[in-house]
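Undergrad: Sequence:
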Amino acid sequence: MAGAVIEKNLFLADETATEALGRALAMAVKTRGSRGATMYLRGNLGMGKTTFSRGVMRGMGHEGAVKSPTYTIVEPYEHLQPMVYHFDLYRLGDPEELEYLGIRDYFGSASLCLIEWAERGAGILPAPDIEVELTPEETGRRAVLRSLTPLGKELLEDLRASAPVGN
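Numbering that gives the first Met the number 0 applies: residue 0 is where the sequence shown begins, and numbers increase by one.
There is no bait here: all hints are sound.
In the DSBU-like style, the derived pairs of lysine-lysine whose C-alpha atoms are separated by at most 30 Å in a straight line are: (1) 66 x 152; (2) 7 x 152; (3) 29 x 66.
In case anyone wonders, no lab produced these hints; they're calculated from the structure.
The task is simple: from the sequences and hints, build the whole structure.
TA: Here it is, written out as structure tokens:
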């Protein structure tokens, strides 16, 4: 959508910085009330996608453990507002498998969906509001956040205003 794409590019020195970025983005979501969003988390194994997700959950108010849903495919956090669903599609054999899981029920205006390995759900998943791409850089990570919808743009603008979490 024209005018919706903005990009935020950050160096994350360590796991703490990666989690802090997730917390900051959660705060941007919370300022929007119970309105949800869809985020694709991209990066190779070990790049910090689950660490980022842990930061989001903590920023949303979750105090318990945050585990990778590699084997369960989705980990629900329905006690949060908005409800958060953390997906890991790494083990998905075919995108059609998502239909059997009732995937469409998770996406709505009152849920925040974080999706690792979203490319494995191509053709079934809704388009993301934000893409978060994590790549190695020196001893840390480079995070590139891109808005792909007007909502994504609003969230990244809120993130810019509230959180200097890197360079």
